[in-house]
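Chemist: What follows is each chain in one-letter form.
2 protein chains.
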Amino acid sequence: MENRLFFTRPDKLKEDKKKLIAKINKEKEEIGYYSLPQQNIDNILEFSKKFDKGIENIVVLGIGGSSLGSKAIYEFLKPMKELNRKLFFFESTDPLNIANLLKQLDMAKTHFLIISKSGGTVETISIFKYIFASNQNRDSYTFVTDMDSNLDKFAKDLGSSIFYLPSNVGGRFSVLSVVGLLPLALCGVDIKALLKGADEVSESFFDDGKFKNMLLDKALFYAKNHTQYNINCIFAYSETLEYFTQWYVQLWGESLGKKQRHSSFNVGLTPIGLIGPKDQHSFLQLIMEGTRDKSVTFIKLKEFKHELYVPNITLKHLESLDILNGIAFHDLITMQCDSVIEALKDEKDVPLDEIILPCVDANSIGALMYYYELLTSLVGELIDVNTYNQPGVEAGKIILKEKLQSKTLSHFY
Amino acid sequence: MENRLFFTRPDKLKEDKKKLIAKINKEKEEIGYYSLPQQNIDNILEFSKKFDKGIENIVVLGIGGSSLGSKAIYEFLKPMKELNRKLFFFESTDPLNIANLLKQLDMAKTHFLIISKSGGTVETISIFKYIFASNQNRDSYTFVTDMDSNLDKFAKDLGSSIFYLPSNVGGRFSVLSVVGLLPLALCGVDIKALLKGADEVSESFFDDGKFKNMLLDKALFYAKNHTQYNINCIFAYSETLEYFTQWYVQLWGESLGKKQRHSSFNVGLTPIGLIGPKDQHSFLQLIMEGTRDKSVTFIKLKEFKHELYVPNITLKHLESLDILNGIAFHDLITMQCDSVIEALKDEKDVPLDEIILPCVDANSIGALMYYYELLTSLVGELIDVNTYNQPGVEAGKIILKEKLQSKTLSHFY
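Read top to bottom, the protein sequences are chains D and L.
Just add 1348 to the spot in the first sequence (first one is 1) and you have this note's numbering.
Just add 1348 to the spot in the second sequence (first one is 1) and you have this note's numbering.
Some clues are possibly wrong.
Any copy, or any two copies together, can satisfy a pair, since identical chains are not distinguished.
Quick list of in silico lysine-lysine cross-link-like pairs, DSSO-like style, CA-CA up to 30 Å [what the hints assert, rightly or not]:
hint, residue 1, residue 2
1, K1398, K1429
2, K1749, K1664
3, K1376, K1544
4, K1696, K1749
5, K1664, K1504
6, K1426, K1653
7, K1653, K1451
8, K1560, K1755
9, K1367, K1451
10, K1650, K1745
11, K1376, K1397
12, K1664, K1367
13, K1504, K1693
14, K1451, K1426
15, K1572, K1607
16, K1426, K1457
17, K1434, K1653
18, K1374, K1465
19, K1367, K1650
20, K1745, K1504
21, K1374, K1362
22, K1755, K1653
23, K1650, K1749
24, K1434, K1451
25, K1434, K1457
26, K1429, K1504
27, K1451, K1401
28, K1693, K1465
29, K1755, K1465
30, K1544, K1664
Quick caveat, the hints were computed from the structure, so don't treat them as lab data.
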């Protein structure tokens, strides 16, 4: 993985960088995600090796941090190789969606992973109840939860397999823990390579490698300019990265949208995920000519490993498009990305950088996700928020509980 | 369809409203989309009635305004009823994506709609060439383009069916023209009901109905506060509206992100599409506690027409969640939406409104899309931009052409 910054890197910030590194090193002792690339995964590998060969579908019952990470990796790798099993996600209480997903599943060949830190997630438990009502077989379920949570106790009574979340790893930073690794391993993803990719970025950052200054400079720029550039776009030139951008949206938005620790002012940076070239025909106009409130990070693939060419044919009246003839689609999409970057460079006041992934494999996505986790931690520290909590979502949950207790619906009925 | 505004409606703006209405009425004489709900669609109905019954797949080769609208409607209706045919979209030059889509299609049962105003769209024509190289059968293709465009000439020589775009209808405002109606009619969507829904909003707006003041107030609020609230979120509580939000993102972003007509300053409003309850676990924290730079429009469904209940069972250790027992998922998702709205109302400085759709049908989505087209026109007029062009995307296209001519790739190879 490479990263090139096209904006002017902050100058004379040696002291700021030193302080920031010191803080992150201290945080590292406490916050669990930092050391996930070095964890022992023998139990997960063992479990998936012995797993029932008759199971064709793995269904994750989980939402937000319990699903977005594994979905991002699964959808990234899926077009490249035939995976062992199909992975599904029940993430919504939308009845149309639930009914539609259930229709696709042969229950005898389906295994459910119930992933909930506390076991109290309304969406996850309501759907679990629905499924459990017609299938109480312990072997159909595996649980991923906190040790001694109520869900842990339930799972123990039921006699199903249980995996525990590591301590001090929040949902949106949990992709490289059992939360992501278990479903992915069951589908045949090389989770060792995934962690190795993350470990390379970790080592580079913490041992003075190339990513150290890169990440510090990028974080300092975003934090210093967060009131002007309050929107941070990722523009990924591959459809395979669509769910990665959704994972990024949660990571960035939920970590950085907070009341400041020392002032209680509302701050935040708004993440936007875009896919090229599709969104050149949608969002690009706004980036090129709209308000100067956006930074853009382009992500491109060095190798697509898929040989597909525009054929050498001339269409009458459309001869002007013969310039496309003989070109590999792979080169075309890269040229499209480069053309947009060049056009945007001329605008001067849109901060740009590009990330280049070597190819579509587990190593690349592991590196990319860990890179974004580190960037989030750095920016969170700099804009003075608690990166790891989400107090803002509690108010709605309390109101929902009241509504459920009184079964009061709004008045439009 | 209903719409309720929870922010303080702009006061004493009678004069502004009068002026705005006058301008829109003038624009209506020139800009084609306004009168699409009243168009004659006999030719489309006739064509789809006589269409080859052996065709099971309709593939749209088109991008941006040529695909997002029909995709939004197709994906909205799909979970509710069995449609006649499946609709696919080739929107990317990503080779992984193209190869993957082609694998799914039985070519003998597939018909292609090539949709391009000018016929010069790089993505559309490069993929068309790829498919055309192995199938030159005129009956496999139907073309939708401008009369006398090069693509029209090519299609005439080939002898395929051709439909023409109405004049003065830009891509992102074309969903209710043949661009959207043709693929949808071929899949069995009730396009008459679609237009009827749009016509109801049109009539209400232009004939002093309930939507007139609603839309004027909302547009005036967004325009007056566009520097503070530079981000406009749609939070839709149904998975079926996911592609509607993508259509909205193009409509809003590409129409409003412009240099101002009278100053050439960069202005714009940034659209964000969210799906509930999923994004309560992702983006909600940022709305609740982040910078006050966002407005939020909630969209909910009155009827899901799908009876699915949380069963009346108690799970040991999880008794606290028995409050979910017996509730319809339909009511649960509505309660989740209402709870978030209530929690946000307490924050005071986040402008909110809600739109209620009667149910998942063609009428509802037609109304909703026309409502958003009108809102976009109103805000564009107020922030002094040309709502209907997209000059910002040209620079990248010119650079791409140069690259294609010299076949120069960037230097990372």
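Chemist: Each of the hints needs a verdict: does it hold here or not?
Modeler: Results of checking the hints against the structure:
Taking the shortest Cα distances, K1398 and K1429 sit within 30 Å of each other inside one copy (22 Å), while across copies they are farther apart (41 Å). In this assembly of identical chains, the alpha carbons of K1749 and K1664 lie at most 30 Å apart only when taken from different copies (19 Å versus 65 Å within one copy). Proximity of K1376 to K1544 under the C-alpha cut-off of 30 Å is restricted to the intra-copy arrangement: shortest distance 19 Å within a copy versus 59 Å between copies. In this assembly of identical chains, the alpha carbons of K1696 and K1749 lie at most 30 Å apart only when taken from different copies (22 Å versus 50 Å within one copy).
Taking identical chains as interchangeable, the C-alpha atoms of K1664 and K1504 lie at most 30 Å apart only when they sit on different chains, with a minimum of 11 Å there against 70 Å within one chain. Taking the closest pair of Cα atoms, K1426 and K1653 come within 30 Å of each other only inside a single copy of the chain (13 Å); across copies the shortest separation is 33 Å, beyond that limit. Taking the shortest alpha-carbon separations for K1653 and K1451, only the inter-copy value of 17 Å comes in at or below 30 Å, while the best intra-copy value is 34 Å. Taking CA atoms no more than 30 Å apart as the test, K1560 paired with K1755 passes in neither setting, with 53 Å inside one copy and 35 Å between copies.
Taking the closest pair of Cα atoms, K1367 and K1451 never come within 30 Å of each other, the shortest separation being 55 Å inside a single copy and 54 Å across copies. With identical chains, the CA atoms of K1650 and K1745 are at most 30 Å apart between copies only, with a shortest distance of 22 Å across copies and 44 Å within one. Proximity of K1376 to K1397 under the C-alpha cut-off of 30 Å is found in neither arrangement, the shortest distances being 32 Å within a copy and 66 Å between copies. Proximity of K1664 to K1367 under the C-alpha cut-off of 30 Å is found in neither arrangement, the shortest distances being 65 Å within a copy and 49 Å between copies.
With identical chains, the CA atoms of K1504 and K1693 are never at most 30 Å apart, being 58 Å at best within one copy and 42 Å at best between copies. For the homomeric pair K1451 and K1426, the shortest alpha-carbon distances inside one copy (22 Å) and between copies (14 Å) are both at most 30 Å. Taking the shortest alpha-carbon separations for K1572 and K1607, both the intra-copy value of 17 Å and the inter-copy value of 26 Å come in at or below 30 Å. With identical chains, the CA atoms of K1426 and K1457 are at most 30 Å apart both within one copy (20 Å) and between copies (26 Å).
With identical chains, the CA atoms of K1434 and K1653 are at most 30 Å apart both within one copy (22 Å) and between copies (29 Å). For the identical chains of this complex, K1374 and K1465 are intra-copy neighbours only, at 25 Å inside a copy versus 58 Å across copies, given an alpha-carbon limit of 30 Å. Within a single copy, K1367 and K1650 get their C-alpha atoms no closer than 35 Å, and across copies no closer than 54 Å, so neither meets the 30 Å cut-off. Only within a single protomer do K1745 and K1504 lie at most 30 Å apart by alpha-carbon distance; the minimum there is 27 Å, versus 60 Å between protomers.
Within a single copy, K1374 and K1362 get their C-alpha atoms as close as 19 Å, which meets the 30 Å cut-off; across copies the closest is 60 Å, which misses it. Taking CA atoms no more than 30 Å apart as the test, K1755 paired with K1653 passes between copies only; the shortest distance there is 20 Å, against 54 Å inside one copy. Proximity of K1650 to K1749 under the C-alpha cut-off of 30 Å is restricted to the inter-copy arrangement: shortest distance 21 Å between copies versus 49 Å within a copy. In this assembly of identical chains, the alpha carbons of K1434 and K1451 lie at most 30 Å apart whether taken from the same copy (15 Å) or from different copies (17 Å).
When the C-alpha separation of K1434 and K1457 is checked against a cutoff of 30 Å, the pair qualifies both within a copy, at 11 Å, and between copies, at 26 Å. In the homo-oligomer, the alpha carbons of K1429 and K1504 never lie at most 30 Å apart, since the shortest distance is 36 Å inside one protomer and 41 Å across protomers. Taking the shortest Cα distances, K1451 and K1401 sit within 30 Å of each other both inside one copy (22 Å) and across copies (26 Å). For the identical chains of this complex, K1693 and K1465 are inter-copy neighbours only, at 29 Å across copies versus 44 Å inside a copy, given an alpha-carbon limit of 30 Å.
For the homomeric pair K1755 and K1465, the shortest alpha-carbon distance inside one copy (26 Å) is at most 30 Å, but the shortest distance between copies (52 Å) is not. In the homo-oligomer, the alpha carbons of K1544 and K1664 never lie at most 30 Å apart, since the shortest distance is 52 Å inside one protomer and 40 Å across protomers.
Hint check: violations occur at hints 8, 9, 11, 12, 13, 19, 26, 30; the rest are consistent with the structure.
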